[in-house]
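If you read the protein sequences in the order shown, they are chains A and B.
The numbering of the first sequence is our numbering, which starts it at 3 and goes up by one.
The numbering of the second sequence is our numbering, which starts it at 5 and goes up by one.
Simulated from the structure, these hints should not be mistaken for laboratory data.
Careful, some of the hints might be misleading.
[To be verified] Far from chain B by the CB rule (all over 10 Å, computed), these chain A residues:
#1 9
#2 10
#3 14
#4 19
#5 65
#6 73
#7 80
#8 85
[To be verified] Here chain B is said to cover these stretches of chain A; the calculated rule only asks that three of the stretch's residues, wherever they fall, bring their Cβ under 8 Å from a Cβ of chain B:
#9 32–46
#10 103–116
Because the structure is a prediction, the values reported are computed rather than measured.
Cβ atoms here follow ideal geometry from the backbone N, Cα and C, with glycine treated the same way.
Each chain, letter by letter, is given below.
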Amino acid sequence: SQTIHQWPATLVQPVGSPLSLECTVEGTSNPNLYWYRQAAGRGLQLLFYSVGIGQISSEVPQNLSASRPQDRQFILSSKKLLLSDSGFYLCAWTRGAFGIETQYFGPGTRLLVL
Amino acid sequence: GESVGLHLPTLSVQEGDNSIINCAYSNSASDYFIWYKQESGKGPQFIIDIRSNMDKRQGQRVTVLLNKTVKHLSLQIAATQPGDSAVYFCAKNGAGNTGKLIFGQGTTLQVKP
Chain A
3 SQTIHQWPAT LVQPVGSPLS LECTVEGTSN PNLYWYRQAA GRGLQLLFYS
53 VGIGQISSEV PQNLSASRPQ DRQFILSSKK LLLSDSGFYL CAWTRGAFGI
103 ETQYFGPGTR LLVL
Chain B
5 GESVGLHLPT LSVQEGDNSI INCAYSNSAS DYFIWYKQES GKGPQFIIDI
55 RSNMDKRQGQ RVTVLLNKTV KHLSLQIAAT QPGDSAVYFC AKNGAGNTGK
105 LIFGQGTTLQ VKP
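Sequences are here, hints too, so could you generate the full structure?
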C-alpha cells in the first residue's frame, strides 16, 4: 500500500530564517505531487505541483519554492520566511499521468513564523 | 473562473441523527467530485468520490449525491457519531487534464452527545 510522509510535524522559525519541508511517498512510482498551504480555519491553497523529477509548476507567486530531486521526494523551501508564511503545509500525491484522480494527503507540517 | 462553495460553514447535529453537508460548484464541465474529512491537526482524509456519469454513490454510512442540473453536491452521513466531528471539504477536478483539484472552504461538523 502507498503511504506519504511529511516532516517535521511542527516547526517554529524566526522571520528571515530559511525553510525546508520534506515530503516522501512510498509504494508507488512516478506519482504527481502537490504542496498546499492551509491557513487556520480556511480551505486549501495549492502552491506547487510536479509531474516528475525536476518538473515544478507554481500556482501562486510567493517567496516559497519547491524541488523534486527524486521521484518520490518533494521539498518545499524558502530562503527567508515571512510572518505570512505561517500555516499548515500539506503534501499530496496522485497516481502518475494526469487524469482525474483522487489526491491523498500527508499528515501535514504546522509552521509558525515568529 | 471555477469555484466550489459550501452552503454552511458550521453544522451542528445530535449524535445518532443524519447529517447532510452541501456544496455548490460553478463549472458543469467538471467530471469528478470528492469529499474529504479533516480532523484537527491532521491531513484531509478521502471519504468518497463520484464521477459525473453517476447521481449517487454509497459507502459505509456515507452517501454522495450529485445534481448536475443545479450543480449541487451533498454528503450524507447516517447515524452521526462523535468521531464524525471534523471539517468536511468538497473538491472537484479543475479545467483541463492537470490533475489539480479545486476545494471548497469546508464545513465544520459538530456532533452533540
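Report holds if the minimum CB distance from residue 10(A) to chain B is greater than 10 Å, and violated otherwise. At about 14 Å from chain B, residue 10(A) clears the 10 Å cut-off, so the statement holds.
Taking C-beta pairs only, is residue 19(A) more than 10 Å away from all of chain B? 23 Å, holds
Non-interface claim for residue 14(A) versus chain B (Cβ beyond 10 Å): 15 Å, holds
How about the region 32–46 of chain A: do at least three of its residues have a C-beta closer than 8 Å to a C-beta of chain B? holds (count 5)
Please check whether the beta-carbon of residue 73(A) is more than 10 Å away from every beta-carbon in chain B. Per Cβ check, residue 73(A) is outside 10 Å of chain B; nearest 16 Å; holds.
How does the region 103–116 of chain A fare against chain B when you require at least three residues with a CB closer than 8 Å, holds or violated? Coverage by chain B holds for the region 103–116 of chain A (9 residues, Cβ < 8 Å).
Residue 80(A): least C-beta distance to chain B exceeds 10 Å? 21 Å, holds
Please confirm whether residue 65(A) is truly not at the interface, meaning its C-beta sits more than 10 Å away from all C-beta atoms of chain B. 22 Å, holds
Could you let me know if the closest chain B CB is still more than 10 Å away from the CB of residue 85(A)? 21 Å, holds
Beyond 10 Å from every Cβ of chain B: is that where the Cβ of residue 9(A) lies? For residue 9(A), whose nearest Cβ neighbour in chain B is about 13 Å away, the distance exceeds 10 Å, so it holds.
Checked against the numbered hints above, the structure violates none of them.
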